[in-house]
Each structure stands twice: as C-alpha cells, then as structure tokens.
Amino acid sequence: MPENRAHEYWKSNIRIVLSLLAVWFFISFGCGILFVDALDTIRIGGFKLGFWIAQQGSIFVFVILIFVYIHLMDKLDDRYNVDDGGHAGDEEEI
Amino acid sequence: MSVQIWTFVFVILSFGLYIGIAIWSRAGSTSDFYVAGGGVPPLANGMATAADWMSAASFISMAGIISFIGRDGTFYLMGWTGGYVLLALLLAPYLRKFGKFTVPDFIGDRYYSKTARLIAVFCAISVSFVYVCGQMQGAGIVFSRFLEVDITTGVIIGMTIVFFYAVLGGMKGITYTQVAQYCVLIFAFMVPAIFISILMTGNPVPQLGFGSELTPEFGGGYLLDRLDGMSEELGFGVYTEGQRSTQDVFFITAALMFGTAGLPHVIIRFFTVPNVRDARRSAGFALIFIAILYTTAPAVAAFARTNLINTVDNIEYTEVPEWFTTWEATNLISFTDKNGDGRIQYVGDPEVNELDVNRDIMVLANPEIAGLPAWVIALVAAGGLAAALSTAAGLLLVISTAVSHDLMKRSFMPDISEQQELRYARMAIFVAVLIAGYFGINPPAYVAQVVAFAFGLAAASFFPAIVLGIFNKRMNKEGAIAGMIAGFSFTALYIIYFRFINPAADNAENWLFGISPEGIGTMGTLINLMVALTVARFADDPPEAVQNIVEDIRLPGEPDKTTSGTENPA
Numbered sequence: 001m002p003e004n005r006a007h008e009y010w011k012s013n014i015r016i017v018l019s020l021l022a023v024w025f026f027i028s029f030g031c032g033i034l035f036v037d038a039l040d041t042i043r044i045g046g047f048k049l050g051f052w053i054a055q056q057g058s059i060f061v062f063v064i065l066i067f068v069y070i071h072l073m074d075k076l077d078d079r080y081n082v083d084d085g086g087h088a089g090d091e092e093e094i
Numbered sequence: 001m002s003v004q005i006w007t008f009v010f011v012i013l014s015f016g017l018y019i020g021i022a023i024w025s026r027a028g029s030t031s032d033f034y035v036a037g038g039g040v041p042p043l044a045n046g047m048a049t050a051a052d053w054m055s056a057a058s059f060i061s062m063a064g065i066i067s068f069i070g071r072d073g074t075f076y077l078m079g080w081t082g083g084y085v086l087l088a089l090l091l092a093p094y095l096r097k098f099g100k101f102t103v104p105d106f107i108g109d110r111y112y113s114k115t116a117r118l119i120a121v122f123c124a125i126s127v128s129f130v131y132v133c134g135q136m137q138g139a140g141i142v143f144s145r146f147l148e149v150d151i152t153t154g155v156i157i158g159m160t161i162v163f164f165y166a167v168l169g170g171m172k173g174i175t176y177t178q179v180a181q182y183c184v185l186i187f188a189f190m191v192p193a194i195f196i197s198i199l200m201t202g203n204p205v206p207q208l209g210f211g212s213e214l215t216p217e218f219g220g221g222y223l224l225d226r227l228d229g230m231s232e233e234l235g236f237g238v239y240t241e242g243q244r245s246t247q248d249v250f251f252i253t254a255a256l257m258f259g260t261a262g263l264p265h266v267i268i269r270f271f272t273v274p275n276v277r278d279a280r281r282s283a284g285f286a287l288i289f290i291a292i293l294y295t296t297a298p299a300v301a302a303f304a305r306t307n308l309i310n311t312v313d314n315i316e317y318t319e320v321p322e323w324f325t326t327w328e329a330t331n332l333i334s335f336t337d338k339n340g341d342g343r344i345q346y347v348g349d350p351e352v353n354e355l356d357v358n359r360d361i362m363v364l365a366n367p368e369i370a371g372l373p374a375w376v377i378a379l380v381a382a383g384g385l386a387a388a389l390s391t392a393a394g395l396l397l398v399i400s401t402a403v404s405h406d407l408m409k410r411s412f413m414p415d416i417s418e419q420q421e422l423r424y425a426r427m428a429i430f431v432a433v434l435i436a437g438y439f440g441i442n443p444p445a446y447v448a449q450v451v452a453f454a455f456g457l458a459a460a461s462f463f464p465a466i467v468l469g470i471f472n473k474r475m476n477k478e479g480a481i482a483g484m485i486a487g488f489s490f491t492a493l494y495i496i497y498f499r500f501i502n503p504a505a506d507n508a509e510n511w512l513f514g515i516s517p518e519g520i521g522t523m524g525t526l527i528n529l530m531v532a533l534t535v536a537r538f539a540d541d542p543p544e545a546v547q548n549i550v551e552d553i554r555l556p557g558e559p560d561k562t563t564s565g566t567e568n569p570a
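Sequences listed follow chains A and B, in order.
First residue of the first sequence: 1, per this note's numbering; consecutive thereafter.
First residue of the second sequence: 1, per this note's numbering; consecutive thereafter.
These are computed hints drawn from the structure, not numbers from a lab.
Just so you know, not all the hints are guaranteed correct.
Quick list of in silico lysine-lysine cross-link-like pairs, DSS-like style, CA-CA up to 25 angstroms [said to hold, decoys possible]:
hint, chain 1, residue 1, chain 2, residue 2
1, B, 338, B, 114
2, A, 75, B, 114
3, B, 97, A, 11
4, A, 75, A, 11
5, B, 473, B, 97
6, B, 114, B, 97
7, B, 100, B, 473
8, B, 114, B, 100
9, A, 11, B, 473
Pairwise CB distance ranges, derived in the manner of DEER restraints [unchecked claim]:
hint, chain 1, residue 1, chain 2, residue 2, range
10, B, 225, A, 23, 28 to 34 angstroms
11, A, 22, B, 514, 25 to 31 angstroms
12, B, 12, A, 8, 54 to 60 angstroms
For glycine and all other residues, C-beta sits at the position ideal for the given N, C-alpha and C.
So that you can see chain B by itself, here it is in the shape it has in the complex (with noise of 0.2 angstroms):
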C-alpha cells in the first residue's frame, strides 16, 4: 500500500476513535462542561494533560528546530518540562482545592475584584487564541502533505472534528479524546524514532542511541563526534556548543518555564481531578508522559540533521532520492544551483550554500529520509494531527469558558440558567473555532513568532498573580491588578517593538541586556512581582473573607467552618 492510502487509514481510523469518544461522553451541566464533573481519574488526566500541552509545535517543530540550533535548543526542552515542576510544586494543588472552574475565577475571587477577573479573562482570551492559531496552521499542513488537499480544506476538516466533540462534550469530551490523542501522539513519534535509532546505531532506546556509535554503514564513531565534526567542516558551528549567549538562554528558558506554568488551558487540567492528592498525582503523570517525548526529540534532532547531511550533500541533483522531490513539490525544500555544477552545496555560508531546508519538515520527512516502510511514514500524518488537535481543543474550552463563565456569568449576567450558561459556552466556542478556522487559512505571516508572545505574556500575567496569591496572604487587590498590567504590558510592547515596529533594530545590540524578545517574559515576571509587592505595601490588607480563602487553600483537608461557602465579596 502506498504512504497515501496508509494515511487515509490512520487518519479516518483516528478521527472515528475521536467522534466516537465524543459520543459517548456528552456534558449535561456546566460541571462536565468546564471541568468533566471533576471526576478524571489522575492518570487520565496526566495523559490529557499531556495531549493538551504538546502542540503541533511540539510534535512538529521542535525536533525539527533543535536540529539546525543545536544545543541552544536546550531552552525548549528544558523550558517546556520544568515548567510542570513549578506547576506541580507551586500551583496545582492549591488551585485544586480552590475548587473553581476558570483561571480568571481565583483571580477574581482572590483578588475580589471584578477588574482583575477582567483583566484575567482578557490574557486568557489573548493568550489562547495566539496559540489556537498556530494549531490550526500545523492541521492544515500535515493535510496538505500527506493527502494532498488544499491547506483551506485541511483546516475545515480539522475544524469540524474538533467543533464536534469540544461542543458536544465540553471537557468532558475533550478529556477522553485527548486520552486517546496521546496514545496516538506518542506512538507515531515513538516507532520512527525506534527504528531510526536502530537502522544508524543498532540501539532500540532512542534516548541511548543519541549517546551511542553510529554502525559502521553510517561511519561508525560517536554519533554526537561525528555529527560535531560534520557540521563544523561544513561551517554550520559544532553541533554540542552552544551560539546564543548564556544570559539569553536563561532568560528564554526561565521564561518558557514560567510561561508553562501560566498558560491556563493547562492549568484548568487540574480543576478535573477529584481531589489535592490526585492533582498532585497528575502533574507527575503529565511529566513523565510529556518527558517520553521530550527525552526523544534531541535524539530524533541529532539522527535528523545527521542522515540530512550524509544524504543530500554532494551529491548530483538529478540523483536525489524519492523524498526530496515530494517535499520540493511543498515548496518546504529547495534547491538552488548557485555555482552550475549540478551537484547539491549544503554548507553554512549562506553565500555558497544552495539548499534551502524548513525546518518543520525535520520530523514530518524523517521517516522518509530513513527510508523506513510506508506505513510508518502516514503515521505520523495521524500524530500530527492528534497533536495539533488535542491542544486546539483544550485553548478553544479555555476561550469559551471565559466567555460564558467569567463575562456573562460571573460578570454582566449573574442572572442566567445554567442551562442558557452551558448554551453559550456551546456558541462560543463555535465562534471560536470559526475565528481560529480564518487564521489557520489566513495565517498572519508571524505565527511561529507570536507563539513566544504567548509564553511571555502568561508568564509576565498569570504566574505571578496566582502564586502570590496562594503564597502571599497579605497580596489585594490593588498589588495583583498592577501587577498584571505592568507585566503584561512591559512584556506586550517589547516584543511588539521587536518583532513589528522595529525589526530591523532586533539584535543582541539593542536588546535589553542582551535578551531578546523570546525570553524577555522573564522580565514581565519580575517586574509584575516587584510592582505587586510595592504597591500591596500602600494599600489596605484584603478582607478578613479572603484571608480565609487562603488559608483554605493551602491546606488539602476538610474546609474550615470559616470559609465554606464564600462568595465573591467584591
């Protein structure tokens, strides 16, 4: 059979898996809708949760970028899984026992303040629709290769299955698909890896064959000495040292990990375990889950770029092998015979070099570039759809709970059945999808940039509030919303002025210290945390009520007579 029609296998086969989970798990109050009924066994929601995190960035790109930066690529992998070690340590727990349904919630109800539930429904809402667009866009890109139809239809499909199962069955429905999402991820990025691993160094275990020796078909030697040698001869810089400078990657780290930590699509995963302990339980699930993946991406980069430049460099243009002309025809590969001698130059020198290569092509073509068996190839079309599909779902429920919960609810319509409540959180999200469904056709010409918006901008907001809030009883109102604003303001214009008003001006030179606008979500943290406290200090202590949220918060068991049952004060 051939690549395409393993594909329409797996992809139809999958896609019923989803429908049919859907079905089956239909919300009937707002309960299931916002947090599955808060019933999710904490091993399914480690695996949810790890569905709803790795994106179609994690899936697709990111192999594919550490493979051109190498060790600099560190702040990925280690900005994206440290993070849940702040989530598990810091938040979790604590929002777990707080027992609401939204990120904007406890703020608002910590904070009693509906300007601070506003501002929180705000970053929430901008946040998740950065991110949802580029979910989108990886949909429509993996349809576009693997069954070769247009991008636009790519995304409709796309849109009409998660439209289906986020609508009918809220997060409830999302939960047990995203289950099924991860077995499915996990798989397709796990077998190609596997065999890769085997076919360059007779290793099993991808994680050990990235320290292991190349057979000798493929040179024999470390893979890493080699894939050093090969990469400094042909001028790209060794492969292990690292180019950014070190205050960068810091920062960049720091702030992905705060960034993980804030974003609420992931946080609201903790709002569906029934108890303190089991939302402990899931963060170390959800880790483990995510590190089987994270653990396999540098090896997966290191094999990448090695079988990359043994295969193509060199040699005569009209030999290349079958792959190269199916990704050519993408427009994701190009070759361009700058010296005439017919032969392909794939160097460092941007003068001299002649093969231009995407970089989100690393994981989707491995496979092929392997030259592994067809079935092996399509099922990565089908983890790279699980992958995209699990997290839009996820920001879509974050979106429409804003919507329904925070703004109609909790806000301007209190009035409001929880019937009509579950109805417009059911056309919010309709709405949603249709707007993320635009942008995934349309994409803004930036989205792969705008993604490190999204992580600076809910590191510079959320995390801070939300800690200081658990850990600083002392915190009100008027700390946590300047705060926020300053955070999340200082962080906004700075990228803005980066990467959209002054492009040109975006190097180390001009940075702030010498960050640049992908980890500067260090600095809004810092410096929301500085105005919070400053400006917590000239303002009265919250009310005796909130004081006693915290203290309830911070401990597992039964609620103390005092705090059962506080409303919103404000």
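Excised from the complex, chain A in its bound form (with noise of 0.2 angstroms):
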C-alpha cells in the first residue's frame, strides 16, 4: 500500500477509536462515578438510574462499544482493502 493511503487509514482508524474511547469514558468514568449521584434522582423501575449504570448498564454499553468498532473497522478495512484473511465483505453483520 502507498504510504500515503496508509497514514489516511491510519488516521481513520485514530478517529473511530477515540471517538469510542470518548463513550466508553463518558459512560463509565462520567455516568457511573462521577455523576452516579445526581442521576440516582431518575428512577426507572426498581432501580436508580446512576446505581443502575454504574453496575449493569455500563457493562452492557461497553459491549455494544466493542461490536461497534468491529463492523467500522471491517468496513474501513474493506474500504482500504486491507484483508489479511478474515473474509472481506461476507461477515457484515457482526
């Protein structure tokens, strides 16, 4: 691959994971510690949303982070043609 089109890929690839990393920090750091209090005023059900976030929400977020970042990436790596093996294009739906 060119270098260019390699620091173009490069540069995407920054972008997707900082701006996950800015959820993941947002939702864990932010949510669950540092704001868990005032959001302990909304209830929902049997639960305080913060205490709610804080030990099962947050976990489930960081899941859906995770599948996020693997069909973006596989579709910038298809993008840019990066294969080394891992079925470009036929597993879309992961």
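Could you fit the two chains together into a complex? Lean on the hints.
Structure representation (structure tokens):
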C-alpha cells in the first residue's frame, strides 16, 4: 500500500478509536462514578439510574462499543482493501 | 441423592471431560504449545478468554464482596469489563498482527533491547505468580467444603489436573479445556441465580429480577428499596449509596481496567486466532461471555444479601437452618452470643454484632440459603473449580513461555532446537505448578490483597509500554524502559508500604490524594507514561527497521515488503 494511503487508513482508525473511547469514558467514569448521585434522582422501575449504570448498564454499553468497533473497522478494512484472510465483505452483520 | 454425591458426580464428570480434551489436543510444536498453532476460531477463543479471565475471584468472591459493600462494588464490575474495551481497541488487533508468541516478545522486539525483554519477563512472571496462588487456594476451599477432603488434598487434586492438560497440550490443550470450563462455570453460576430470581421476584432473568418487586412471601416492594431499608435499619449503610470517596472509586476502577488490558495471560489469548479481524471479533465475543456473568453478579449480590438478613437476623440460635451449621464447621460463618439472649443479632455496629460472615461463602452458600435442590448446590462446586483451574492454567502457561521462550530461546540459549524448547516449556510448567501448589497449601495471609497488587503492577508496567509501542512510532527503548521501571517501582513500593511495612497508616488520611493501594496502579500508569515520553525526547529515535514494524502492525493487510522477516536488531 502506498504510504499516503496507509497514513489515511491510520488516521481513520485513530478517529474511530478516539470517538469510541470518548463514549467509554463518559459512560463508565462519567455516569457510573462522577455523576452517579445526580443520576440516582431519576428512577426506572426498581432501579436508581446512576446505580443501574454503575452496576449493569455500563457493561452492556462496553459490549455494544466493541461490536460497533468491529463493524466500523471491517468497513474501513474493506474500503482500503486491507484483508488478511478474515473474509472481507461476507461478515457484514457482525 | 445428597449434595456430596451430586458434587462427586459433577466434579468427576467435568474432570473426565477436561482430561479427554487434553488427550485429544496434544501439542506437537512450539507454535501449538504457545499459541495453539494460531488456528483458534474467534467464538471458541472468546469462550476460552472468558474462562481464562474469570477466576476463582470472579466466580466465588466478587458477588459476595459486592453484597457487603453495595454500590462501591461497582469498581470490580466496571473495572473488570471496561478493560476489554481498551484491550479490543488499543491492543488486541495490533498484537495479533505483530504475530509472535508472548508479551515480552513484543516488548523485546519493539524496543530492540534485551533489557526491555528481561524487564517484561520479570513483570510477567511476578504478576502471574501472584495471581496463580490465589487460584490454587480457591480450588482448595471448594474441595474442602464440598468434598470434605482437607485443603492439602484438594490443592493436590487440582494441581494434578492442571498439570496433566497444561503439560500435554500447552496452549492448544488449555484453549479447548477452557471452552469446556466456560460452559461449566457459566451454567453453574446462572442456574442458581435464575432459581433464586424466580423464587424472590418471580422474574426468571436475574438481570431484571434485580430491579423487580419481591414476591409477597419476601415482603413485597422493590428488591433494592427493601434492601436499602433493611441495611440502613441494621446500621450497615444504604446499599445503593457509596461509602468510599469518589476519587478513590475512580482510581480503583481505572487501575482494574488498565490492569485487565495489561495482563499477559489475557493478551496472549489474542495471539491464538488466525488474523486481525478474528482478534477483534474474539475480544467482542469474550466480553459478551464475561458480561453474562458480570451483569448477573450484582443481582446475585443483592439477592444473597436480602436473603441472608431475612434468614438470620434476630432468630433463635437453636433454630438456625442446616446450612448455617455446615458452614459454621468451616469457620467461614461464626456466631458469638454477646448479649446472651440466644438470638442472632446481625447489625452494622461491631460492638453489638454477633455474626461474622466470610464474604466468600455468599456465592457458595447462596443456593443453600435459598433452599434450592441438592444438584444445584453441587453444581456450584464444579463451577468454582472450573473457574479456578482455567485461570490457573492460563497463568502457568505465561510463566512457562516466559522461561522457555523469552529467557532461554530469545535471551540466553538461542541455539536450542524447537524440541528442546518444548521440553523446557513443559519442565517450566511442572516447576510452576509445584510452586503454585505450595502457596495454595500454605497461603500467605494476604492472598486477597495481593491480587490488587497483580492488577496495579500490570497496569503500571505493560499497559503503557504496549500502547506507546503501537501508537507512538518514535517511542524508543530508553523511554520505554525508564517508564516501565518507574511505573512498576512506584506502584510496588506504595502497595508494599501500606500493606506490609506500615499497615497501621493504611487509611484515607495518609494516602496520596486519597487513593487507596488498590487504585494506585492508575497513578503508576500515568507516571510510566510521563517518564517514558520525557526520557524518549532525550534519546535517539528507534532504528528504521523498528519504525517499520510499527508501520506494519498498524495495517491488518499483507506485510509491507520493507518489514517482512525483521529480526530483533538488538
């Protein structure tokens, strides 16, 4: 791959990683720890919202984040045609 | 059938399965032995990673600890799952592309230095040893309680089983036994949780039962409201509110996350899949499999706590249920009738409280407390053993590869043949099992605290060195080595000071910025980063060949012509 395309690929990669890490930080350290007491004033069923995010909700978000990452990176790999034998294109749904 | 017969049945069946798999998946080459030949499908690797990762601490201790500390338990839940986001986004794909066998391999090649490799070997071995002793001890507790053998016999049985499949199969044997162990442990964790959730809330999904109303027999009202009310009334503090300071929770959570992403036995699992895409996928699958247990654990914690208070508070000692007496025999629960009224007073005030409950038994005794059938109780024993043995095997492999591959082949005896290297790897596992077994039988009194040590050290040494190695092309050996040494020593000294030298001073007033020793790894990580970046500016850039390695691991595709076959230039 020419150097400038490799450079572009890396920049898009960094952008994806940083935006997902921003969500990761906001949900876990933000909602789960720093603003947990404020969020606890909101109730959903038997849960206080802050407590729920801290003990359960954040974990669901972590799972979703990794799968969004897998999906975005697959698309990026296809666009730049960097395939190392991982069956480009036929596993779009993951 | 009695609980003990059921336990024998489950333990013998599951051990038979592990041994069968070990015989089927013998390792023939060093590549088989170190990375299962690099051919593990992502789904299987996800399960193996989950079992590798979830130790006796996750299975036996975590829900119990949460049920005693309430919302503060969050740092375990988020810390031990959020680390996977870092692992998936910052480490796994690049390390897979790098495509070697061990973490010191990466550090040594990327930082073109034998010193860096040896520091990494030292960190990998110390982190893994600390951790494996806890696993052996966990296996011993399960054996002694459920099979009524003494702890020594229990540890020896566990050692023999691990030894058998780790020595025969190396990573290949470990991977496929871990897949089986995941199935056993998740089944064993979920079945009692589902039963208890139905019993207490009528909802079969424990994650939802956690936020549901209790059935009329349990007094109605939302579970968490009732638990808050009861805990406050007895003087334990409100369950859904925090007791620790916000900054401490913040730092502990971060230390556990960075530590998770830096633990060598987890990282090497990503060397076993065929390619970069599969490395990303298996990180996703691993977290799903882990999340099943981790989202159930806080529910189990709340159920167990409610049930315990309901069952024991203020009842006549002569009328305690049978489980109480069985666990009393193990000294894990004890009653002292301080006011002599023959009733159990279970309250927050240590002066008045008459009941001492070991946190570890909350998961193990929970099915009995809830009055579940004998086979469910027995299942928990098999699950606890699966969790302890699967993690122990992964850790022992790290120790053995660090010795045979990084110390012997790559550092001091480069001329040994593959067969000799394999023989050294097997011998190293043998010795490591013996030492781990010794500490399992004669546990240092501080095993539980030492686990926090392992995370802090992994966070302060490996995590920054690897991330910088991938994301900062100009990071050189001087920076990385200085960073690792600074981060590791700072963290180790802080923990050793407060835990072993001056435990009397171990309270928030003396801590640096109010950060407990559990959370200091985060500070160690930051120190490592800052030292590395500063020192790197005063030394030469890494050689061209190393910068090409970095270019190469950033792209999942075919290796660039310039970098293929780059050998360690040091």
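For which of the previously enumerated hints does the structure constitute a violation, in increasing order of number? Hints 1, 2 contradicted; others consistent.
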